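Chemist: This is what each chain is made of:
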Amino acid sequence: MNSVPVDYYVLLSAILFTIGAMGVLIRRNPLIIFMSIELMLNAANLVFVAYASVFKSFSGQIFVFFVIAVAAAEVAVGLALIVQIFKAKKNINIDELNSLKG
Amino acid sequence: MHLSESVSTGFFFLAPWLVFAPITGLLINAIFGKYFSEKVVGTVASLASGAAFVVSVLLAYSVSLNHGEVVRWQFAEWIHVGTLQLDWTFRMDSLSTTMMLVVSGVGTLIHIYAIGYMHEDVRFKHEEGRFTRFFIFLNLFIAAMMILVSGDSYMMLFVGWEGVGLCSFLLIGFWYEFDTLGRSSWANSNAAKKAFITNRVGDFGFLIAGFLMFWYLGSFQFDEVFKAAPAIAESAPWVIVAITLFMLVGVAGKSAQIPLYIWLPDAMAGPTPVSALIHAATMVTAGVYLVTRSAAIYTLVPQAQYIVAMVGAGTALFAATIAVGQYDIKKVLAYSTISQLGFMVAAVGMGAYVAGMFHLITHAFFKALLFLSAGSVILGLERGHHAHAHHAAHDDHGKGKKKEEKNHGHEEEHGEVFDPGDMRNMGGLRKTMPVTFWLYMIGTLALAGIFPFAGFWSKDEILLDASLHFPSVYWQLTIAAFFTAFYMGRQIWMVFFGEARSDAAKHAEESPKVMTVPLMVLAVLSVVGGALNLPFEGFHNLGHWLGHTIGEVEGLPLNLQVAGISTALALLAILISWFLYGRNPLKAGQIDPLKKPLGFVFTGMENKWFVDEGYFAVIINPFKKISAFLADVIDWRFWHDFVHDTVILGTYNWLSEIALNKYADQKGIDAFANWLGTATQSVSATLRKLQNGFVRSYALSVLLGVVLILGYLIFK
Numbered sequence: 001m002n003s004v005p006v007d008y009y010v011l012l013s014a015i016l017f018t019i020g021a022m023g024v025l026i027r028r029n030p031l032i033i034f035m036s037i038e039l040m041l042n043a044a045n046l047v048f049v050a051y052a053s054v055f056k057s058f059s060g061q062i063f064v065f066f067v068i069a070v071a072a073a074e075v076a077v078g079l080a081l082i083v084q085i086f087k088a089k090k091n092i093n094i095d096e097l098n099s100l101k102g
Numbered sequence: 001m002h003l004s005e006s007v008s009t010g011f012f013f014l015a016p017w018l019v020f021a022p023i024t025g026l027l028i029n030a031i032f033g034k035y036f037s038e039k040v041v042g043t044v045a046s047l048a049s050g051a052a053f054v055v056s057v058l059l060a061y062s063v064s065l066n067h068g069e070v071v072r073w074q075f076a077e078w079i080h081v082g083t084l085q086l087d088w089t090f091r092m093d094s095l096s097t098t099m100m101l102v103v104s105g106v107g108t109l110i111h112i113y114a115i116g117y118m119h120e121d122v123r124f125k126h127e128e129g130r131f132t133r134f135f136i137f138l139n140l141f142i143a144a145m146m147i148l149v150s151g152d153s154y155m156m157l158f159v160g161w162e163g164v165g166l167c168s169f170l171l172i173g174f175w176y177e178f179d180t181l182g183r184s185s186w187a188n189s190n191a192a193k194k195a196f197i198t199n200r201v202g203d204f205g206f207l208i209a210g211f212l213m214f215w216y217l218g219s220f221q222f223d224e225v226f227k228a229a230p231a232i233a234e235s236a237p238w239v240i241v242a243i244t245l246f247m248l249v250g251v252a253g254k255s256a257q258i259p260l261y262i263w264l265p266d267a268m269a270g271p272t273p274v275s276a277l278i279h280a281a282t283m284v285t286a287g288v289y290l291v292t293r294s295a296a297i298y299t300l301v302p303q304a305q306y307i308v309a310m311v312g313a314g315t316a317l318f319a320a321t322i323a324v325g326q327y328d329i330k331k332v333l334a335y336s337t338i339s340q341l342g343f344m345v346a347a348v349g350m351g352a353y354v355a356g357m358f359h360l361i362t363h364a365f366f367k368a369l370l371f372l373s374a375g376s377v378i379l380g381l382e383r384g385h386h387a388h389a390h391h392a393a394h395d396d397h398g399k400g401k402k403k404e405e406k407n408h409g410h411e412e413e414h415g416e417v418f419d420p421g422d423m424r425n426m427g428g429l430r431k432t433m434p435v436t437f438w439l440y441m442i443g444t445l446a447l448a449g450i451f452p453f454a455g456f457w458s459k460d461e462i463l464l465d466a467s468l469h470f471p472s473v474y475w476q477l478t479i480a481a482f483f484t485a486f487y488m489g490r491q492i493w494m495v496f497f498g499e500a501r502s503d504a505a506k507h508a509e510e511s512p513k514v515m516t517v518p519l520m521v522l523a524v525l526s527v528v529g530g531a532l533n534l535p536f537e538g539f540h541n542l543g544h545w546l547g548h549t550i551g552e553v554e555g556l557p558l559n560l561q562v563a564g565i566s567t568a569l570a571l572l573a574i575l576i577s578w579f580l581y582g583r584n585p586l587k588a589g590q591i592d593p594l595k596k597p598l599g600f601v602f603t604g605m606e607n608k609w610f611v612d613e614g615y616f617a618v619i620i621n622p623f624k625k626i627s628a629f630l631a632d633v634i635d636w637r638f639w640h641d642f643v644h645d646t647v648i649l650g651t652y653n654w655l656s657e658i659a660l661n662k663y664a665d666q667k668g669i670d671a672f673a674n675w676l677g678t679a680t681q682s683v684s685a686t687l688r689k690l691q692n693g694f695v696r697s698y699a700l701s702v703l704l705g706v707v708l709i710l711g712y713l714i715f716k
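Sequence order for the protein chains is R and C.
So for the first sequence, my numbering puts the first residue at 1; every next one is plus one.
So for the second sequence, my numbering puts the first residue at 1; every next one is plus one.
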């Protein structure tokens with residue numbers, strides 16, 4: 001079990017997080033952005049569980065459950081928002097939603 | 001209340017009633033007077049004054065029982081500060097009781113007379129409500145005068161001194177809204193002010209004398225001052241000279257001596273009983289009383305005595321010459337009063353205190369008589385004037401009485417104002433007013449010093465003393481006596497003889513009994529008053545009596561030469577006056593027969609030697625100029641225009657406009673507030689560009705922020 005060093009997990013997590021972050025910054029489709037956010041969250045989850053197994057501590061794993069639960073709630077709210085925005089604007093291009101421009 | 005000395009036989013405990021009897025009368029009239037008829041008011045006032053007279057008699061009797069011993073009756077403590085011990089103490093000795101008798105006796109007679117006089121006076125002036133006020137003032141005067149003569153210290157005397165001054169002021173200005181002819185004017189109130197202010201100059205002298213006395217002699221109490229004075233007179237005689245001379249200034253003010261006599265003739269603006277009581281018989285003699293009271297000090301400094309005598313003699317002569325040129329019946333008597341006061345002051349100045357006091361008493365009798373008779377004459381003319389005016393109005397229109405009154409008033413407003421006091425309007429009154437005529441004759445003979453009237457004895461005693469010690473005073477007084485007889489003769493011929501020179505004089509009516517009876521009492525006193533101090537062995541009663549207080553003086557026997565000269569001169573003067581005014585009585589509108597032969601001298605007499613004008617030129621006009629200068633230049637232009645308007649207001653305006661408004665406010669506070677606004681605007685203009693509306697750029701910012709913070713945390 002301890003054949004894979006923790007550094008790989010962290011590296012993988014960093015790669016996943018970077019992909020997620022770039023997805024959030026670059027893509028204009030809110031659905032894709034949501035998926036990228038999920039990617040970032042799960043990148044963080046990966047680090048939690050990796051270190052949890054290294055330090056033999058449950059708190060990291062418990063934290064992951066919370067993150068999963070919050071992510072699910074977030075997705076529920078976010079998708080509802082997207083549906084409502086689409087109803088109002090017939091468009092969900094994120095760059096067109098700029099009515100708060102200063 | 002307790003007796004400070006062991007003598008107690010007699011009625012000394014009554015002493016406070018000297019003051020409180022008139023005060024009681026005053027209060028009754030002041031509070032209930034409006035419910036009383038004139039008769040009740042007059043009776044209350046006369047009884048109050050009469051009660052003071054009764055007390056005076058009892059006190060004098062008690063003093064005589066005690067052989068003239070001084071008795072003090074302490075009534076109240078007044079001021080006790082350090083070594084200053086002032087009490088309200090009544091002093092009963094032969095001198096003070098003599099003054100009390102004169103004041104309350106003559107005062108009571110004048111109160112009674114005034115009931116009749118004021119009854120008509122207030123009606124001629126259409127001010128009937130003022131009747132009560134007159135008697136309140138008269139009672140107040142009696143009270144103040146009693147404080148003056150009964151005081152045991154110079155300060156208590158000064159209280160009375162000021163009190164009578166106040167009453168004098170109030171009564172001169174009694175008809176304050178009129179002039180002496182009843183026209184509306186401030187002449188009477190100006191006369192009152194003149195009297196008050198002139199007296200103030202004299203009071204200043206009195207006060208300085210009082211302060212010096214306290215500083216160097218350590219007391220105000222008479223006996224203590226007299227005890228301390230001789231030692232000071234040895235070591236520092238100038239102190240006593242200064243005290244006596246400053247006191248003389250006070251005397252000159254109150255007793256109308258040169259140079260402060262000018263108020264007395266104007267004081268005739270008061271109703272005639274006032275002229276008689278205050279400005280002839282009693283108040284003006286306060287100065288004579290003061291010098292007599294201070295005899296112990298004056299005898300220490302012959303120089304001061306000499307000055308007092310010269311002032312008195314000068315006044316006697318000077319005023320007598322002015323009286324010759326006067327036309328107003330009361331003005332003649334006023335100058336005569338000044339002249340007679342000069343006799344008294346000269347007498348007490350020479351050290352002839354008994355003679356001075358003797359003349360004071362007889363003068364009170366005959367001058368009160370003369371003034372009151374003059375009042376009777378004036379009212380008689382006034383009655384004649386009104387009766388005649390009514391008569392004429394009746395003939396012309398035959399309308400109701402009220403209407404006549406009105407017409408009459410109009411006539412007075414527009415036409416020539418009738419002066420009932422002008423002797424040129426009189427003449428022939430001996431037929432229409434016989435009682436007054438005989439009373440006036442008695443007064444005149446007494447004043448002129450004709451044997452055996454009271455004035456003869458008292459004046460002669462003064463002249464005799466003067467002839468022995470002060471020849472210059474003697475000659476001045478003798479000439480003054482000559483003038484006295486002359487102007488009184490002139491007055492008698494002008495007023496009572498010849499033909500009436502006006503309708504009013506033709507229709508003049510005799511005065512009622514309430515006025516003539518007191519006059520008869522005074523006339524009797526004017527005839528027999530000389531018996532008080534006859535210059536024969538064993539008859540110097542007043543001398544012995546006063547001797548208890550001011551030291552025994554040798555009673556001088558009658559000197560036939562002095563008496564002969566003065567009587568001869570008086571008779572000669574009356575003869576000359578008959579020659580000028582009696583033989584060819586004055587016609588209406590004719591100028592005075594003295595005017596031609598005397599020329600400018602008579603003009604001077606007529607115009608009172610231009611003394612009033614002189615005072616105006618020397619004191620009053622410069623004073624007005626200085627006050628105008630102070631008011632206009634110093635106060636208005638300098639303080640108001642320059643200091644207030646220019647300096648203070650200007651500085652304030654400059655400060656608020658330039659410094660505060662322009663700089664502090666506009667450029668400081670305003671500018672800061674504006675800068676805050678513009679700065680916020682520009683900052684936000686920059687910052688709003690960040691709010692570009694692209695969610696992804698916000699996300700990038702968040703990411704960069706997280707990276708930066710994490711980087712900082714990792715690499716710190």
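Simulated from the structure, these hints should not be mistaken for laboratory data.
It is possible that part of the hints are untrue.
[Stated by the list, open to error] 30 Å max Cα-Cα, derived DSSO-like pairs, lysine-lysine:
#	chain 1	residue 1	chain 2	residue 2
1	C	Lys513	C	Lys431
2	C	Lys125	C	Lys34
3	C	Lys667	C	Lys125
4	C	Lys625	C	Lys193
5	R	Lys101	R	Lys90
6	C	Lys34	C	Lys513
7	C	Lys689	R	Lys101
8	C	Lys689	R	Lys90
9	C	Lys689	R	Lys89
[Unchecked claim] Residues from chain R that face chain C, not an exhaustive set, calculated with beta carbons under 10 Å:
#	residue
10	Arg27
11	Lys90
12	Asp95
13	Ser99
Small disclaimer: the values here were computed from a predicted structure and weren't measured.
Every residue, glycine too, gets a C-beta built ideally from N, C-alpha and C.
Chemist: Give a verdict on every hint.
Modeler: These are the hints, each one checked on the structure:
At most 30 Å may separate the alpha-carbon atoms for a hinted pair to count; Lys513/C and Lys431/C meet this at roughly 18 Å. Straight-line distance between C-alpha atoms of Lys125/C and Lys34/C comes to about 19 Å, which keeps the hinted pair within the 30 Å bound. Proximity of Lys667/C to Lys125/C is assessed by CA-CA distance (about 75 Å); at most 30 Å being required, the pair is judged violated. For a cut-off of 30 Å, the pair hint linking Lys625/C to Lys193/C stands: about 20 Å separates their Cα positions.
Among the hinted pairs, Lys101/R with Lys90/R is consistent with the structure: their alpha-carbon atoms are about 20 Å apart, no more than 30 Å. Between Lys34/C and Lys513/C, the direct Cα distance comes to roughly 25 Å. Compliance with the 30 Å bound is thereby established for this hinted pair. As the CA atoms of Lys689/C and Lys101/R are separated by approximately 9 Å, the hinted pair is consistent with the 30 Å bound. For the hint pairing Lys689/C with Lys90/R, the CA-to-CA distance comes to about 28 Å; that is within 30 Å, so the pair holds.
Proposed proximity of Lys689/C and Lys89/R is supported: the alpha carbons are some 25 Å apart, at most 30 Å. The criterion of a C-beta within 10 Å of any C-beta in chain C is met by Arg27/R, whose closest approach is roughly 8 Å, and the hint holds. About 18 Å separates the beta-carbon of Lys90/R from the nearest beta-carbon of chain C, more than 10 Å, and the hint is not met. Hint on Asp95/R holds. Least Cβ distance to chain C is approximately 6 Å, under the 10 Å limit.
For Ser99/R, the interface hint holds, the least distance from its beta-carbon to any beta-carbon of chain C being 7 Å, beneath 10 Å.
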